[in-house]
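Trainee: Residue numbers (my numbering), protein chains in the order written: chain A, 176 to 429; chain B, 176 to 429; chain C, 176 to 429; chain D, 176 to 429.
Among these hints, one or two may not hold up.
Since the list gives no way to pick one copy over another, a pair counts as held whenever it fits inside one copy or between any two copies.
[What the hints assert, rightly or not] Okay, derived cross-link-like pairs now, BS3-like style, lysine-lysine, Cα gap no bigger than 30 Å in a straight line: (1) Lys321 - Lys177; (2) Lys321 - Lys339; (3) Lys219 - Lys339; (4) Lys247 - Lys355; (5) Lys228 - Lys304.
For the record, the hints were derived by calculation from the structure and aren't laboratory data.
4 protein chains.
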Amino acid sequence: MKIRKGENILFLSEDKKFEKIIKYEPSKEVHTHLGKVVLPENLKYGEKLSSSKGKIFYVLKPSLSDMMMKIKRKTTIIYPKDAGFIILELGIKNGSKVCEVGTGSGAFLTLISSIVGSKGKVYTFERRKDFYELSKNNLFNYGLSKNIEFNLRDVEKEGFPKIKVDAVFIDVPEPWKLIKFVPEILKPGHTLGSLSPNIEQIQKTKEEMEKNGFVRIRVYEILLREIMVRKIGTRPREFGIVHTAYLIFGNLLK
Amino acid sequence: MKIRKGENILFLSEDKKFEKIIKYEPSKEVHTHLGKVVLPENLKYGEKLSSSKGKIFYVLKPSLSDMMMKIKRKTTIIYPKDAGFIILELGIKNGSKVCEVGTGSGAFLTLISSIVGSKGKVYTFERRKDFYELSKNNLFNYGLSKNIEFNLRDVEKEGFPKIKVDAVFIDVPEPWKLIKFVPEILKPGHTLGSLSPNIEQIQKTKEEMEKNGFVRIRVYEILLREIMVRKIGTRPREFGIVHTAYLIFGNLLK
Amino acid sequence: MKIRKGENILFLSEDKKFEKIIKYEPSKEVHTHLGKVVLPENLKYGEKLSSSKGKIFYVLKPSLSDMMMKIKRKTTIIYPKDAGFIILELGIKNGSKVCEVGTGSGAFLTLISSIVGSKGKVYTFERRKDFYELSKNNLFNYGLSKNIEFNLRDVEKEGFPKIKVDAVFIDVPEPWKLIKFVPEILKPGHTLGSLSPNIEQIQKTKEEMEKNGFVRIRVYEILLREIMVRKIGTRPREFGIVHTAYLIFGNLLK
Amino acid sequence: MKIRKGENILFLSEDKKFEKIIKYEPSKEVHTHLGKVVLPENLKYGEKLSSSKGKIFYVLKPSLSDMMMKIKRKTTIIYPKDAGFIILELGIKNGSKVCEVGTGSGAFLTLISSIVGSKGKVYTFERRKDFYELSKNNLFNYGLSKNIEFNLRDVEKEGFPKIKVDAVFIDVPEPWKLIKFVPEILKPGHTLGSLSPNIEQIQKTKEEMEKNGFVRIRVYEILLREIMVRKIGTRPREFGIVHTAYLIFGNLLK
Numbered sequence: 176m177k178i179r180k181g182e183n184i185l186f187l188s189e190d191k192k193f194e195k196i197i198k199y200e201p202s203k204e205v206h207t208h209l210g211k212v213v214l215p216e217n218l219k220y221g222e223k224l225s226s227s228k229g230k231i232f233y234v235l236k237p238s239l240s241d242m243m244m245k246i247k248r249k250t251t252i253i254y255p256k257d258a259g260f261i262i263l264e265l266g267i268k269n270g271s272k273v274c275e276v277g278t279g280s281g282a283f284l285t286l287i288s289s290i291v292g293s294k295g296k297v298y299t300f301e302r303r304k305d306f307y308e309l310s311k312n313n314l315f316n317y318g319l320s321k322n323i324e325f326n327l328r329d330v331e332k333e334g335f336p337k338i339k340v341d342a343v344f345i346d347v348p349e350p351w352k353l354i355k356f357v358p359e360i361l362k363p364g365h366t367l368g369s370l371s372p373n374i375e376q377i378q379k380t381k382e383e384m385e386k387n388g389f390v391r392i393r394v395y396e397i398l399l400r401e402i403m404v405r406k407i408g409t410r411p412r413e414f415g416i417v418h419t420a421y422l423i424f425g426n427l428l429k
Numbered sequence: 176m177k178i179r180k181g182e183n184i185l186f187l188s189e190d191k192k193f194e195k196i197i198k199y200e201p202s203k204e205v206h207t208h209l210g211k212v213v214l215p216e217n218l219k220y221g222e223k224l225s226s227s228k229g230k231i232f233y234v235l236k237p238s239l240s241d242m243m244m245k246i247k248r249k250t251t252i253i254y255p256k257d258a259g260f261i262i263l264e265l266g267i268k269n270g271s272k273v274c275e276v277g278t279g280s281g282a283f284l285t286l287i288s289s290i291v292g293s294k295g296k297v298y299t300f301e302r303r304k305d306f307y308e309l310s311k312n313n314l315f316n317y318g319l320s321k322n323i324e325f326n327l328r329d330v331e332k333e334g335f336p337k338i339k340v341d342a343v344f345i346d347v348p349e350p351w352k353l354i355k356f357v358p359e360i361l362k363p364g365h366t367l368g369s370l371s372p373n374i375e376q377i378q379k380t381k382e383e384m385e386k387n388g389f390v391r392i393r394v395y396e397i398l399l400r401e402i403m404v405r406k407i408g409t410r411p412r413e414f415g416i417v418h419t420a421y422l423i424f425g426n427l428l429k
Numbered sequence: 176m177k178i179r180k181g182e183n184i185l186f187l188s189e190d191k192k193f194e195k196i197i198k199y200e201p202s203k204e205v206h207t208h209l210g211k212v213v214l215p216e217n218l219k220y221g222e223k224l225s226s227s228k229g230k231i232f233y234v235l236k237p238s239l240s241d242m243m244m245k246i247k248r249k250t251t252i253i254y255p256k257d258a259g260f261i262i263l264e265l266g267i268k269n270g271s272k273v274c275e276v277g278t279g280s281g282a283f284l285t286l287i288s289s290i291v292g293s294k295g296k297v298y299t300f301e302r303r304k305d306f307y308e309l310s311k312n313n314l315f316n317y318g319l320s321k322n323i324e325f326n327l328r329d330v331e332k333e334g335f336p337k338i339k340v341d342a343v344f345i346d347v348p349e350p351w352k353l354i355k356f357v358p359e360i361l362k363p364g365h366t367l368g369s370l371s372p373n374i375e376q377i378q379k380t381k382e383e384m385e386k387n388g389f390v391r392i393r394v395y396e397i398l399l400r401e402i403m404v405r406k407i408g409t410r411p412r413e414f415g416i417v418h419t420a421y422l423i424f425g426n427l428l429k
Numbered sequence: 176m177k178i179r180k181g182e183n184i185l186f187l188s189e190d191k192k193f194e195k196i197i198k199y200e201p202s203k204e205v206h207t208h209l210g211k212v213v214l215p216e217n218l219k220y221g222e223k224l225s226s227s228k229g230k231i232f233y234v235l236k237p238s239l240s241d242m243m244m245k246i247k248r249k250t251t252i253i254y255p256k257d258a259g260f261i262i263l264e265l266g267i268k269n270g271s272k273v274c275e276v277g278t279g280s281g282a283f284l285t286l287i288s289s290i291v292g293s294k295g296k297v298y299t300f301e302r303r304k305d306f307y308e309l310s311k312n313n314l315f316n317y318g319l320s321k322n323i324e325f326n327l328r329d330v331e332k333e334g335f336p337k338i339k340v341d342a343v344f345i346d347v348p349e350p351w352k353l354i355k356f357v358p359e360i361l362k363p364g365h366t367l368g369s370l371s372p373n374i375e376q377i378q379k380t381k382e383e384m385e386k387n388g389f390v391r392i393r394v395y396e397i398l399l400r401e402i403m404v405r406k407i408g409t410r411p412r413e414f415g416i417v418h419t420a421y422l423i424f425g426n427l428l429k
């Protein structure tokens with residue numbers, strides 16, 4: 176399990192107070208509030224390192240959740256609780272061709288790209304230059320840009336280029352304005368998904384989906400609670416995220 | 176989008192009262208309580224068909240959720256809300272090598288196999304002959320058995336064969352009895368996951384994980400609510416599933 | 176703790192499969208699918224009785240939840256999880272004067288009447304004759320009608336009579352149509368509450384409240400999960416009620 | 176609706192950033208970060224007052240929720256979502272005689288005292304002198320001490336004095352140690368309730384209840400979500416309280 180140069184590792188202090196994804200380079204110095212750690216040659220996953228202050232750090236393999244949550248971001252991101260369910264509803268798997276509108280920081284793109292692999296393809300569209308650049312950098316840093324086509328394009332104004340995909344996902348503030356373009360690029364019978372924090376947004380999106388040939392439209396909300404299983408007592412964490420977004424899906428008729 | 180013979184389609188009546196995954200064969204007769212439908216030559220996804228009683232049916236591409244939920248089953252299955260999140264926490268993606276203990280009906284296996292693709296590999300273990308046979312049939316019917324190694328084996332008694340994987344998932348009634356075998360097959364730094372309906376099961380699993388070199392152990396519960404967005408009013412569905420299982424994850428140290 | 180004739184008891188089989196509120200009469204025969212039970216003279220709360228089939232029954236004091244949930248009903252009722260919170264938000268206590276619109280079966284009325292007591296007063300309004308009669312019978316059977324004024328009246332058409340109350344609660348399908356009448360009867364600074372299953376209803380009610388001088392408008396949803404604490408394992412009940420209603424409250428300005 | 180001297184008012188700024196319960200005295204100066212407000216003679220509920228900085232404040236009638244949440248506290252308190260449900264399950268109403276163990280800051284006591292009224296009675300027990308004093312002061316300030324008997328007593332060591340009550344509520348860290356004393360003071364057939372943040376506490380309490388003659392034992396968890404109904408969009412508040420406590424109830428057999 177030797178770690179290659181440039182590979183991303185999850186660097187976590189024993190007390191969980193420092194937690195970051197960093198690129199591995201031998202002799203790299205990692206500075207934390209718990210002291211400095213020098214990454215050794217031939218570092219392996221699962222190793223423990225000591226800091227200059229004698230604190231223990233773990234070198235772990237980042238999960239897809241970690242990669243999404245710890246991405247450099249300037250936007251709200253899609254949380255793993257929602258992202259995993261979206262993948263399943265959209266049927267995104269090895270080899271899928273997927274269109275994403277609203278690249279943002281690239282968190283969900285990280286997930287799609289990782290799953291569809293080299294046989295698959297992701298077309299992602301972003302109208303803001305700064306997010307377009309940010310997401311490109313983020314995915315490049317993750318070593319995940321090969322199967323991605325980054326588009327700096329305002330779909331609301333210009334529509335889509337000539338592509339054909341197995342799934343479409345829209346994550347923009349006004350998704351309903353884009354629905355009419357989707358039948359051009361989504362294979363019939365296949366699924367469009369979107370998400371919005373407010374219920375009125377979902378209502379508008381649903382209406383547009385109905386007008387544009389979508390059936391079996393379904394809306395969900397997913398809640399996640401962390402359970403603290405401890406010697407001193409087991410209970411859900413007291414404070415946390417109560418709402419992120421409503422999810423909507425529908426299948427396109429011919 | 177012509178559908179190949181033997182391909183699985185989601186066959187859904189307009190009123191959603193009939194919903195089934197069936198294998199496409201030209202001239203196949205599908206008998207429903209809403210009348211008989213004969214599948215035509217050259218059927219395409221997204222088409223509408225009429226039954227002998229004049230009812231409309233949709234021919235849709237089944238999502239991964241559909242394939243999991245509609246599998247022929249003799250066991251409880253893992254629900255999509257949980258399955259998607261597990262995939263992310265375990266970092267299962269294109270090319271991953273994954274070990275699953277407790278094949279059951281093969282619902283979660285469907286998902287893993289679809290995601291890891293032909294470059295990946297799933298080793299699945301089941302001690303009951305009937306579930307072993309059922310899951311093999313199910314996955315074969317889904318056209319998904321190529322990257323799967325089905326093992327009829329009681330891991331609790333025999334341990335694992337000599338494999339090395341990127342992720343381990345355990346779904347058996349007493350997962351804590353298997354934890355001690357996991358460090359032999361899981362790459363250090365990588366993630367083990369399990370799920371159980373009762374909190375005491377999770378407590379025992381956590382204790383065994385701690386004894387066997389796992390860190391960053393975390394427990395979650397995920398709730399899903401369907402939201403009914405309708406002209407006559409928007410609200411969550413009144414009755415439904417309130418609990419399925421608690422999920423537990425941890426990373427292995429060297 | 177001798178039980179008086181005519182007093183309501185909660186009659187519950189040991190296995191919880193029979194559970195009913197009945198009026199106590201000595202020598203009364205209670206017929207259940209678990210056999211016949213004859214209520215003895217001088218029955219006391221907390222006693223165990225045997226049925227003709229040898230099954231055990233408990234004689235318990237019904238809680239306010241029991242009285243609400245087991246009322247004879249032709250309408251949906253307000254659930255205890257919501258009812259208790261409403262009482263607190265409306266500040267309903269010993270001696271309060273309360274107006275309720277939408278008597279329905281009288282479940283919530285049971286609660287208000289029990290709490291405000293003989294120094295308090297409940298004015299309840301119902302436009303349907305059958306519900307008006309049903310609720311009167313229900314509350315009379317519960318021995319709770321003394322502090323209640325039952326009104327068969329369509330408030331939407333006729334408005335309120337000349338009353339002044341500490342709290343107003345509206346439980347009708349279109350609460351927004353009644354808001355304009357509330358300032359006539361609610362003491363300034365005090366609270367109006369309402370509940371509706373759909374969010375659009377709440378949106379309309381909120382708009383009308385804003386137009387009619389209400390401030391500090393707040394909306395909540397309450398979820399209740401039963402936790403099964405058992406030797407064989409602890410977990411939330413798997414199936415159940417996921418949504419009942421959204422609750423809205425606001426304070427009236429002068 | 177003239178407010179009496181010494182009466183508690185909810186004093187709330189228009190923007191909701193200042194919110195406090197204060198005792199009314201004519202000419203009293205209220206200092207806030209939004210400026211100073213002088214309370215006038217003959218102040219009435221529902222009035223609007225201006226601060227020295229030109230900000231608007233509302234004079235509202237505090238609900239029972241307000242009184243609980245805004246009490247001066249040195250302990251965790253019982254939240255209204257739980258408190259209301261407890262009242263219903265325990266059957267606490269006008270005239271009830273209630274025993275509370277674990278007075279704490281007196282938040283729940285405020286509620287019980289308000290509901291049982293002058294015909295009812297609350298016996299409350301606290302073993303810490305500082306909480307005993309705090310709760311006495313709090314309830315005195317709320318004008319609610321007449322029907323309360325405050326006891327500075329360690330029930331775990333000394334048991335209860337000779338009382339007989341309609342309901343018992345225990346809110347201490349180790350409720351299971353007190354269960355054996357409850358049958359002496361609770362009327363048979365009536366209800367005992369308790370609450371604890373951790374599930375292990377509930378498990379121990381349940382075991383003790385079963386040993387001491389309680390039946391129909393039931394455990395619940397209640398979640399509350401605030402819904403933001405706004406012109407710019409409707410959704411649950413994103414962050415908040417996810418868990419407070421599990422609630423347990425049971426009826427005593429003779």
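Trainee: So, for every hint listed, does it hold in this structure?
Mentor: Taking the hints in turn, this is what the structure says about them:
1. Proximity of Lys321 and Lys177 under a CA criterion of 30 Å is satisfied in both settings, with 23 Å inside one chain copy and 29 Å between copies.
2. Proximity of Lys321 and Lys339 under a CA criterion of 30 Å is satisfied in both settings, with 19 Å inside one chain copy and 27 Å between copies.
3. In this homomeric assembly, Lys219 and Lys339 come within 30 Å of each other (Cα to Cα) only across copies, at 15 Å, whereas the closest approach inside a single copy is 41 Å.
4. For the identical chains of this complex, Lys247 and Lys355 are neighbours neither inside a copy (32 Å) nor across copies (37 Å), given an alpha-carbon limit of 30 Å.
5. In this homomeric assembly, Lys228 and Lys304 never come within 30 Å of each other (Cα to Cα): the closest approach is 42 Å inside a single copy and 44 Å across copies.
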